[in-house]
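Engineer: Required output: the full structure, derived from the provided sequences and hints.
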Amino acid sequence: MTDQKTGLFGHPDGLYYLAFTETWERFSYYGMTALLTLYMVQQLFLPGHAEHVVGLASLRHVFEWRGPISDVAFASLIYGWYGGLVYFTPILGGLIADRWLGTKATVVLGALLMAGGHLAMTFDASFLLALVLLICGSGCLKGNISAQVGRVYPQAAESLRTQGYTIFSAGINVDAVLGPLTCGGLAAAYGWHVGFGAAAGLMLLALVIYLAGQRHVPGGRAARATQVDYPPLTPAERKRVALLMLVAAFTLFPNVAYPMIWSIGTLWVDQHVALGGVPASWFNSVDALASIVAVPPLVALWAWQAKRGREPHDVTKIGLGSLYTGLSALLLVAGALMPSADGKTGVVWALAGWFGMGVAFLYYWPVLLALISQAAPPKLNATMMGGMFLSFFAGSVIAGWVGSFYDQMSPAAFWSIDAAIGIVGGLIVLALSRPLIRALEARD
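FYI, the numbering for the sequence shown is 2 to 445, going by my numbering.
These are computed hints drawn from the structure, not numbers from a lab.
As the structure is a prediction and not an experimental result, all values here were calculated from the model.
Don't be surprised by glycine CBs; every beta carbon is placed ideally from N, CA and C.
Check before you lean on any hint, since a few could be wrong.
Unchecked claim - For each label pair, taking beta carbons as the anchor points, the in silico distance ranges come out as:
#	residue 1	residue 2	range
1	S59	W305	54 to 64 angstroms
2	L212	H62	40 to 50 angstroms
3	D343	L212	45 to 55 angstroms
Structural biologist: Take a look at the structure:
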């Protein structure tokens with residue numbers, strides 16, 4: 002029997018085991034992606050390296066369907082598709098867990114695949130193989146961990162569950178801060194491959210933590226998924242699924258605008274921002290740090306609003322998150338338009354933009370996960386939780402395509418496009434929020 006005892010801050014103990022497991026997975030992801038674009042442009046694509054990467058020439062030929070592209074454009078497209086596929090495969094991981102292996106075995110498989118992928122990143126030749134292993138491993142792990150978070154709460158504890166997912170995201174962001182700092186520091190001191198290799202052992206640590214916390218997580222001891230004969234979806238449930246998919250689709254706007262700072266943003270910082278000797282990769286810790294320090298005041302604000310019946314609905318929060326993402330990108334536009342005497346953008350503008358993105362993220366992504374966990378029909382809960390990551394898949398691929406035009410325009414023009422994407426998305430969601438809320442809250 003699963004122990005769902007209430008622990009720290011009034012939340013179940015299982016939340017913290019799941020958060021620490023996902024924390025180390027995020028360490029590997031953010032640590033590696035902080036280096037990825039810089040590594041490709043500054044080393045992997047150079048003569049003496051590119052010819053040793055198995056399959057790289059063929060992949061470049063595919064991406065050059067519209068004609069020759071620069072190394073920056075090639076790197077942006079690879080980053081976009083890698084980041085996108087990392088978020089596409091969770092729906093497959095959810096299906097595997099729901100229908101065959103069960104949640105526990107699927108998460109274990111994902112951790113092992115990711116550890117192997119990080120080891121493969123330490124060699125030029127296996128670069129593309131490493132990306133494939135990381136994509137498959139993340140797909141097995143990510144959505145299933147997120148689905149388990151919702152199961153440690155009673156069905157009726159909607160506000161507490163939303164707070165739990167926000168705390169879960171904060172735990173993830175601890176290593177989203179440490180990953181770029183650690184991997185970026187190691188890469189600067191000892192070379193790219195040492196930075197990439199640091200995450201493999203930590204993925205094994207994530208596995209140990211996950212296994213140690215099984216008695217606190219519902220369904221954690223099962224070797225296979227428990228077979229439950231759910232009745233077919235009712236018309237009301239089908240309508241709710243469609244509405245939830247529509248809400249998730251609206252997060253495409255911030256999921257295009259926000260990830261841009263992790264790829265093109267790193268290049269922009271390296272080329273145009275006055276860093277004072279700090280590695281550009283370290284900037285990818287700033288938005289994650291914001292997503293940590295903003296959690297206590299944000300959870301307190303929502304709890305205060307909930308007591309007075311004034312807490313914004315989850316749909317409204319998602320719209321605000323997209324809007325704040327676009328406004329944060331406008332800070333980068335301002336910085337690009339007002340360089341200092343040496344022609345460099347002041348570091349304060351970049352820090353503010355990254356920080357704002359991290360706060361905006363808390364308004365839309367953990368809120369969406371909480372909404373799906375609470376409102377999705379039980380028969381499709383894990384599958385829909387994995388399916389929500391399709392927004393990140395499409396967003397990352399589109400961001401990679403948009404980023405491929407970066408070196409064809411001024412930085413101010415580029416970040417203006419990024420800002421417009423987030424702001425337009427936010428305004429659309431806020432305009433449609435009332436009918437969407439009414440439809441979601443309609444009784445079956």
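Engineer: Run the structure past the numbered hints and jot down the numbers of the failing ones, going up.
Structural biologist: none
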